[in-house]
Amino acid sequence: MTMPLLTQILEFLSSLSMRQIIAGLLFTSSTIAIIEAWLLSLPALLGQYVLIGLLLSRFVRPEMAMAKAITGGVSCLILLLTAWHAGWRGGPGVKAVPEPFRLFVVVLAGIAAYGLFVTYPLQGVAEEINFACYWLALMGFLAVALNREPLPVGLGLLTFKSGFEVLYATLEGSLTVAWLLAAVNILASLAIAYLASMRWEEP
Amino acid sequence: MSPLLLILIPLVMAPLAYILRRLLPLAALLSAATTLAMIMLCLEIPLGASAQVLGRELALDPLSRSALFFLLALATASLSYAWPIPQGQLFPSFVLLVLALLIGAIMIRNFLIAVLLLEMAAIIAVFLIQGDRGGSTGAALGYLIVTMVAAPLLLLASWLFDLYALHPEDLTPIRYIVTLLALGFGLLLAAVPLYPWLPAIAAEAPAMVTALVVSIIEPAILFQLLSLFSRFPWLMTESQAPLIMIVGGLLTALVGGIMAFSQGDLGRLLAYSAISDLGCILVGLGMGSTSGVAAALLHVVNRSISVLLGSMSLGAIRHCLPTDSFADLGGVARRMPFTTMGIIVAGLALGGFPPFNGFASRWLIYHAAMEQDPTSAYLLILASGCVILGHVRAIRALFSAPKGAKIEREPWAAAAMIVALIILSLAMGLYPQLALEPILALVEGVGLAR
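If you read the protein sequences in the order shown, they are chains S and R. Reminder that position 22 of the first sequence reads as 22 in our numbering, one-by-one numbering, no gaps. Reminder that position 160 of the second sequence reads as 160 in our numbering, one-by-one numbering, no gaps.
Bear in mind the hints are in silico, worked out from the structure with no lab data behind them. In this text, a Cβ means the ideal position worked out from N, Cα and C, and glycines have one as well. A hint or two may mislead.
[What the hints assert, rightly or not] Some chain R residues near chain S, calculated using beta-carbon distances under 10 angstroms:
1. L8
2. S50
3. G55
4. I124
5. Q130
6. D162
7. M370
8. E444
All chains should be modelled from the sequences, with the hints used to inform the complete structure.
Dropping the structure here:
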């Protein structure tokens, strides 16, 4: 029962067009920037990593794309366990930025990302990678700027880093570098998880 | 003997220190003994010895050996201090992990891998900054953000270096390389205006963790910058890098000095003094002359020693008092004389007051600056005056009348270490040639100057 479902999912994912993958990235990264609740933002991060893996699989060696997706999965698992364990519902005494304002800023940042993509396209890099890089980096930066708590800030940082890695994977073909970047991501996820768990401890 | 041992030993010992984390003094001593053994090993491994790691060459040259010896000596002192005054359960084990990665970054002959190793070391330091403290995570989160933003900038610069090497006729990448390096290194070193994370760490983290970040991680980052200047001499001759370093350095020295003057607690005062001192180092490096670069390197050594001394004294105060705010320091001078001496010497050394170590290297930087642009020398002296005045305010607070409950005396082992560093600070101030001559030989030998 499980195997046919998994096969169906894989078939569906591999059938996605480039346009659909980019649309998915827009949706997941915007969700991370707009919504603070981990029940929504963590699945969005997982989806983002899957889509990044799919995007990269069209431009780089499959094992590199796979490395990104696996790393993302491990990062999400670490953060999910932390959020679950800490029963994380936002920080003690910290008032979150209202969602309508976040949506407004995300729209502005989206326009800025498109503007950067059109005005300063990175030479020798595919259009899709160019756009995804600018978009993810800006959305990640926005999530960092709009939040104060370790978990949402951490998701923003991982999104920012994904934006950079989408570009870097196409520039640097070394598998050693890819695995070192993966190690950095997992270490960063552990640090975010540690900070999120300490946030609720007594001072 | 392979230089790989210098990475493997701390990696093997770190889990052992972690297992012993509940017996903190024992874990601290075990880690200190490990770093001491590594110092001896570092001196035993012949120069030029190399090994292959991750398909890249790992080698011990004169510059990296000097850097390793220096960082390991500071780490030994920091870990020994965690025996009388605990710095968090993770401190002894995680410092070894940080050291393993920093050593890898220093010895590997590849900027890209070095940046990734430095990033990992900085992320591990995030755990130490938070320590066992619950509640506020601002300082640790700030450092994580800085690290994760700075590293991609440096990695992109690394890619542009390769691109420029392939097409040297196209000069466009140079501008981007310099911008990316300025932002990346500026963030990691806490240069103005990218500095706010450092005072936050000094206020929130255990004192020895501040010392780890300023005295051990920052010099390792500066080492990467120097390696780049050595490998790509055009950075100093054909780009705006020297100008950016001088202007940024002056701004860092001045803003750090002014902010140091206006602080009301010892932790932030120490951080802003260190920031101001960084400005001095950047100006010295930016001058590019043999005397300027040698003076800057000597100042890196002196700054690390002074910050370590200041952090040890700060740690002792935090151990015996609930706060390090000037308002609550009354009576400290009477009950904690060695700690008070440590604060005074560290402050005056960071401000470049004679006869302490900071003065010797600052004097050489002023001299190098005078030769090229006297205004920058005057601005550095102004910044130094602000730092000293800030410390005079702290000294007044230490000597003021006691206000609250009776203050405990500092642990004798901590006092002994503070006294040892005071003597070292004085010795390096009175006989700077002891360190300067080998540094000069290194600068000329490796070709670090223009």
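Results of checking the hints against the structure:
1. L8: violated, 17 angstroms
2. S50: Check failed: Cβ of R/S50 comes no nearer than 18 angstroms to chain S, outside 10 angstroms.
3. G55: It holds, given that the least Cβ distance between R/G55 and chain S is near 6 angstroms, below 10 angstroms.
4. I124: holds, 7 angstroms
5. Q130: holds, 5 angstroms
6. D162: Check passed: Cβ of R/D162 comes within 9 angstroms of chain S, closer than 10 angstroms.
7. M370: Cβ of R/M370 sits 42 angstroms from chain S, so the hint is violated.
8. E444: Violated, about 34 angstroms.
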